[in-house]
Amino acid sequence: MNAAVAPVVVPLLTALLCVGLQARRTRWTVSLAGGGLSVLASLWLVALAHGHGVVVLRVGSWPAPYGIVFAADLLGALMSAIGSWVALWTLVALAAQPHPRLDAFFHAGWHLMLAGMNGAFLTGDLFNLYVFFEVLLVTSYFLVTLGATRRQAREAFTYVAVNIVASTILLMGVALLYAAVGSVNMADLAARIPQASPGLVRPAVFLLAVAFGVKAAVFPLYAWLPHTYAIPAGPVAAYFGGMLTKVGVYALYRLFTTLQPLHGPEPWLLAVAGLTMVLGVLGALAQEDMRRILSFHIVSQIGYMVFGLGLGTPQAWAAGIFYTLHNIAAKTALLLVSSAVEASYGTTSLRSLAGLAHAHPWLGVWFVVAALSLAGIPPLSGFWAKLLVVQAGLEAGEFAGVAVALAVSLVTLLSMLKIFTGAFWGPPPERSHISPLEHASVVGLAALTVAWGVGGGTLLELATAAARALGDPAGYVRAVLGGH
Amino acid sequence: MNALLAALVGLLFAAGTWLLLGQRILRQVIGLGLISHGANLMVLLAGGLGGRHAPLLANPTPRADPLPQALILTAIVIGFGITAFLLALGYRMHALEEDEP
Amino acid sequence: MDFLLLGVPLVPALAAPCAAACRRAAWLVALGGCGLVLVTLLLAAPPTVAGLSASAEVPWFPSLGVSYRLRADPLGTLFGLLVAGVGVLIVLYARSYLEHEPRQPAFFAYLLLFTGAMLGLVLADDLSTLYVFWEATSLASFFLIGFHDDRWDARQAAVRALVVTVVGGLAMLAGFVLLGLEAGTFRLSEMDPHRVQASPRYPWVLALVLAGAFTKSAQLPVHFWLPGAMVAPTPVSAYLHSATMVKAGVFLLVRLLPVLGGTELWRGWVLPVGMATFLFGAVVAVLQDDLKALLAYGTVSALGLATALAGTGTELGRDAAVLYLLNHAAYKGTLFLVAGAVEHETGTRNIPQLRGLARAMPVTTALAGASVFSLVALPGSGGFVAKDLAAKALGHGLEGWLWAGAVANAAFGTRFLQVFLGRGDVTARHEPAGLWAPALPLAVLCVLFGAWPPLPEAVVGWLGADHNVWPKFGLGKVAPAAAAVVGGVGAAWLVEQVPGRRRVRGWGGDHAFDALQRTLLRFAALLTHFTLTGRLRDYLVVVLGVAAVGAGLPLLSHGRWPEVGPISLEAAFVGMAACGVAATVLSRSLVSAVVALGAVGYSVVFLFMALRAPDVALTQMLVETVTLVLFLAVVTRLLTPDVPDRHPLAAVDLLAAVAVGAVAAALAFQATVGPPSQRLAEFFAEHARQAGGSNLVNLVLVDFRGLDTLGEITVLGVAALGVLALARRPR
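Chains A, B and C are the protein sequences, given in the same order. Note that my numbering has the first sequence beginning at 93, numbered continuously upward. Note that my numbering has the second sequence beginning at 7, numbered continuously upward. Note that my numbering has the third sequence beginning at -11, numbered continuously upward.
It cannot be assumed that every hint is accurate.
[Said to hold, decoys possible] To spell it out: a stretch of chain A is covered by chain B in this simulated footprint if at least three of its residues, at any positions, have a beta carbon under 8 Å from a beta carbon of chain B; those stretches are:
no., segment
1, 235 to 249
2, 259 to 271
[Claimed, not checked] Derived EDC-like pairs: lysine to aspartate or glutamate, alpha-carbon spacing no greater than 16 Å straight-line:
no., chain 1, residue 1, chain 2, residue 2
3, C, Lys465, C, Glu387
4, A, Lys510, A, Asp381
5, A, Lys510, C, Glu303
6, A, Lys510, C, Asp502
7, A, Lys510, C, Asp138
8, C, Lys380, C, Glu303
No wet-lab data here; the hints were simulated from the structure. In this text the structure is predicted, and so the values were computed from the model without any measurement. Ideal placement from N, C-alpha and C gives every residue a C-beta, glycine not left out.
Looking at chain A on its own, in the form it has when it is part of the complex (with noise of 0.2 Å):
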């Protein structure tokens, strides 16, 4: 069905439509309004796929696996639509920035970014995710050297150059699949793959498992994050931080619930994980700087979602996939706060700023309600995210991984304090302005963290029902190949 591919072509409209129009105005109503809709076409693909399973289109009526074909499973959708919602909600965040060069050609580089984001998260094929991933990163090194200064294009060069050789990496794998298997489509890999040679398989998942991981910013391979997230304008970066590693850690679980299956708890993955929890926060605990103690907590909090993963079982991936999904909500609102912040003020130094919450007391609300959801306190999101990711834990024996998390969110709230105490409370500032609109992006995220804490039941059953559809990778092959 069409609806597979809506929200790629919708956002790719909208970019060319962008790059078309002159006036400054007409301009971004389109692109807002773009956005808005990318999100609708989302929704609707998560409805289909929640309530059809799998929904699959052949890209040019070409049958899997000689053709192209979407495959978007509930997982995937889900993915789709807080993606979108991440991007028109920052979008909003820039709209309140004066941008000398927000031309048409950056509203451009935004929707293609989204509409390659949206084909990773639905694409049923391997190279096809390796040119999605390409599209992403290209416009990701577009938006993040925009107006950068020599000392940001040395740090911007950081990232492509770390990306690129994971994006070589990812080819290789590919390249080996194929000569095991014959075929790039994932669903032709899954069935195929367990009677192929495993002198070609293992090291091409190993492969696949490292590009991956380098996405998503795991333990080792995290170290480029921090740099990075640091260079560009707010909300830039707030789009970065939300979703960004999220394609890879999406990726992952692809990887590891359809590919390559896990049938129980993986020891080196769980080993990867924690590594990756206790690093980051360790990392965030270290920094003077709003923005750079958010930054280490991506990486942290990745390592939750990789924890879900590696437990092994559908139970653990709906906990993975509910944290993933609260996870891009409360961070997004944090970095969309941190962006106001450092707005009209400039800084986000926790040593040049005091007193916030008295400034600006409805910002210091969400701040609020932001941290501790990403801390896991009650009753908001990242609570029953952390519940659930302690419950899989503690259901499959693995005692010290949970003693490790439930540690790590403590440092997480520490971090957290560190940033209130020393940026929000104190005596307040000579008070600068922070526009609506602003709030209004902060609002558009925390929101969600509030109503998935209070109400966060269909979340769940979302996330149980798109774990069920991975869990049973026979029917996502039958889905794909056996005929539409």
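Let chain A serve as the given structure and place chains B and C on it in line with the hints.
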């Protein structure tokens, strides 16, 4: 022949890595270029070397596998775009008309 | 009625934003909120006496078995009345105490949030509901302790309190999840004690839950956050940190007594901690010079005794604990309010500086007297009744401890009272009614508990006990009490005499906490410094190293040895490429390296042609040419920076390069294992006519896999934009 090609792939990767780990920006870009050549060749190897003829319908079988060739093509073009971008980035980092620290 | 119950914790929480919004009438909103829930609970009380407990439930996360479930049983309703009742009094007190505070609305908002959370805690019948409200009280406490956030010590104290209680809370969370798994349900009222206590995980559950209870109720050694919390405004200290929140830990112990309690392990762990805390707190209290610090340690001590009583694991112990806590709320609450009034009127809380306030503050003195009367447990006071029951519950062997504690209590009680006695320099101006009137009901209760038998009997009877509570007044009871008082007064006098007496702080507890925090930060900084060097090369070594090792290892065990095919003419091109590669590595000048890269590229072109890939060869040639041009264009405009060519540890680079190369070669060789698959190629050939062409590669790009090409074009377009943006001169 496959052994020789595999050795070339290894050589490309080794040299590319060596250059990539150095400190000079442009040499790093050259290193990335070598690595991408290596990856492309590997894709070709993955498709098998048994084909005696180019993948045109007019040619008799055994023909070379068209899929890896298409994949390499895509990878080459994408790689080209990114190399160009990297070069521009390198230029930005060290441009002669310096304006900011 | 049942649904009204659900609203009890929520009404104050919802009233909080209203209070924050009102300028002048914030206290009225707060009063209304607390009053409303008080009335509701009073209405809910009578049925529970008869044994009918109202309960209400709303499913929250059905698939998890989590629901928002409250139950008004005697224990919960009793504590709920305590919270709501004291809340009303505190609101009235705070109105006068904070009359000059500009941020009053925010204060009452936080207070209401706390009240709602605390009520939810005591009425919860589901473990998750309880946990949610537990953490909510810690949060509300954080904001209230740090209310004067412009002060550094307030911020520190708030963080310390929150972290300690959250640590306990996290342990408790794990404990709750385990408990729920062992019991098969998260509903407190439906748990089967035998099943839980027989389980092998029982010790873990107990330990984790105790961690939560002990941190919240300030037991040794995690007591130190409580004295620090005294930086909060006095209404907060009176409400949260003596009358209600700190009792939550003991409340939890009593609540879980039927399920977890009564075992040897329970008694062996809880009783000693409680008794130790009891004695420690009382002794340290005597040495304090600050009115509130003295009271804080006194609270620690009282909580210790209550914990010990719960630790007996008996029904008698439970009743004694509850009675003791109620009594404590009455007298300690009054004492805190008195201390606040003293500070409000004299400007200081320092005991050595204050004397003879009885003249200016007669009513306050009387209230203080009544509460100290109960504190030292003289016959006729509520304290006496409570202590008596406590002694009965603890049984033989611990009487000495109790007596020692009583002496210490009397000592610090005396030190508190001496503020009012004698003649002094510092005087109070007057005695605002708003500051003593709210304390009056509490002080009355202090006496009433001890003078009117029906009251404690009713309370204990409500809990379901069938033993009598009223002590028998005989010389055997009165004499030790009197002796304790005498001893206490003597001890207080001794303490006063010692010159240059140090102000004893938290006995290292908070110092340990701060030291721990500092160490953690330092460790974190060190670790980050070493792992995030900022150098691209280091990151790449890690990525490539991991990839090479991980991909190479499986080959050792699973790699199949492919057959080596014949060498053909193409070998010449391989050789050409190899020479080019060598040249790129070895050339000194950048230009020659670039040209060498071009040579490699062209060799690859020839290779592609030789390997029957004409389209690819063509594309490669075009791309290589343009790339060469771009390279040369950039090379000529670049400054060569003054950096060393290579990282000092060049051997690592070499090793990495060799490893990567070897693994890549091995993988490439491995890829030629077995006959290549013809599946896709056959399909393409068969459907070529349908697709409308004869060049198969072309068709794949344009038709079969056209979406890839769309992506490729997009990448090219965006890259071009990026190049344009970077090449432009910045403004």
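Okay, the hints, checked on the actual structure:
1. Closer than 8 Å: that is the beta-carbon criterion, and the segment 235 to 249 of chain A has 9 residues meeting it against chain B, so the requirement of 3 holds.
2. Remark: the segment 259 to 271 of chain A is confirmed as covered by chain B, as 8 of its residues place a Cβ nearer than 8 Å to a Cβ of that chain, reaching the required three.
3. Annotation: proposed proximity of Lys465/C to Glu387/C holds, straight-line Cα distance about 12 Å (limit 16 Å).
4. Taking the CA atoms of Lys510/A and Asp381/A, the gap is near 10 Å; set against the 16 Å cutoff, the hint holds.
5. Simply put, Lys510/A and Glu303/C have alpha-carbon atoms about 45 Å apart, too far for the 16 Å limit, and the pair is violated.
6. Distance check on the hinted pair: Lys510/A and Asp502/C sit about 14 Å apart at the alpha-carbon level, within 16 Å; holds.
7. Under the criterion of a C-alpha separation no larger than 16 Å, the hint pairing Lys510/A with Asp138/C is consistent with the structure, at around 15 Å.
8. Straight-line distance between C-alpha atoms of Lys380/C and Glu303/C comes to about 12 Å, which keeps the hinted pair within the 16 Å bound.
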